[in-house]
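Residue numbers (our numbering), protein chains in the order written: chain A, 1 to 115; chain B, 1 to 114.
FYI, nobody ran anything at the bench for these hints, they're computed from the structure. Computed from a predicted structure; not experimentally measured. Accuracy of the hints is not assured; some may be wrong.
[As the list claims (entries may be wrong)] Below are the SDA-like pairs computed for lysine to any residue, each with C-alpha atoms no more than 20 Å apart in a straight line:
| id | chain 1 | residue 1 | chain 2 | residue 2 |
| --- | --- | --- | --- | --- |
| 1 | B | K49 | A | K57 |
| 2 | A | K57 | B | S3 |
| 3 | B | K49 | A | Q102 |
| 4 | A | K57 | A | R69 |
| 5 | A | K42 | B | A87 |
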Amino acid sequence: EPEVTQTPSHQVTQMGQEVILRCVPISNHLYFYWYRQILGQKVEFLVSFYNNEISEKSEIFDDQFSVERPDGSNFTLKIRSTKLEDSAMYFCASTEEGGGNQPQHFGDGTRLSIL
Amino acid sequence: AQSVAQPEDQVNVAEGNPLTVKCTYSVSGNPYLFWYVQYPNRGLQFLLKYITGDNLVKGSYGFEAEFNKSQTSFHLKKPSALVSDSALYFCAVSPDTGRRALTFGSGTRLQVQP
Numbered sequence: 001e002p003e004v005t006q007t008p009s010h011q012v013t014q015m016g017q018e019v020i021l022r023c024v025p026i027s028n029h030l031y032f033y034w035y036r037q038i039l040g041q042k043v044e045f046l047v048s049f050y051n052n053e054i055s056e057k058s059e060i061f062d063d064q065f066s067v068e069r070p071d072g073s074n075f076t077l078k079i080r081s082t083k084l085e086d087s088a089m090y091f092c093a094s095t096e097e098g099g100g101n102q103p104q105h106f107g108d109g110t111r112l113s114i115l
Numbered sequence: 001a002q003s004v005a006q007p008e009d010q011v012n013v014a015e016g017n018p019l020t021v022k023c024t025y026s027v028s029g030n031p032y033l034f035w036y037v038q039y040p041n042r043g044l045q046f047l048l049k050y051i052t053g054d055n056l057v058k059g060s061y062g063f064e065a066e067f068n069k070s071q072t073s074f075h076l077k078k079p080s081a082l083v084s085d086s087a088l089y090f091c092a093v094s095p096d097t098g099r100r101a102l103t104f105g106s107g108t109r110l111q112v113q114p
């Protein structure tokens, strides 16, 4: 079964540094998402992306965050100047179609640790 | 704004016994409801969804869930638990308004004892 893949599995970065998290969505999927899960807390929506544009974003997704689909397969989340509170698991997801009734397929996540 | 509540941090059940993991939701309009399971060091794996129609939906690994509109609940059930069902279970909702962002509950850890 096709999977969403995320790299790296674990990223350790100094506070203030930029970090890029990478995702390869399922190949025929058109809608892409980022979520994060701070340790011991809920999974929270960050942003959705379709047709090279942000479709929705949450309050968490402020100016330090950006997303990009640099080529036909990758979908990236960039955090410009990391803070300690950015430490979390970041999950990428994708759906074939955009309806809210479509189950989102998640990757295994990237654990981001900010020192 | 929508929200999901999973009132139990942990549910313990003996292998072979039925299990229930509770979920209640709040959303404007009609809900799309989902259950996901998370095994250690893995992502969220889709189990089942309710969109419309029959209130009892069946999903992967013998799980089912019952949608109750009047109680705004979507409890996950399985008639006979397996030790391998031990994992973290998340309920999620999105509204039928075109928004796609999922709102998740806090998760319930299911522990099935042999």
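Hint check:
The straight-line distance between the Cα atoms of K49 of chain B and K57 of chain A is roughly 23 Å, outside the 20 Å bound, and the hint therefore fails. Taking the CA atoms of K57 of chain A and S3 of chain B, the gap is near 17 Å; set against the 20 Å cutoff, the hint holds. Simply put, K49 of chain B and Q102 of chain A have alpha-carbon atoms about 9 Å apart, close enough for the 20 Å limit, and the pair holds. At most 20 Å may separate the alpha-carbon atoms for a hinted pair to count; K57 of chain A and R69 of chain A meet this at roughly 16 Å.
At roughly 15 Å between alpha-carbon atoms, K42 of chain A and A87 of chain B fall within 20 Å of each other, so this suggested pair holds.
Hint check: a violation occurs at hint 1 only; the rest are consistent with the structure.
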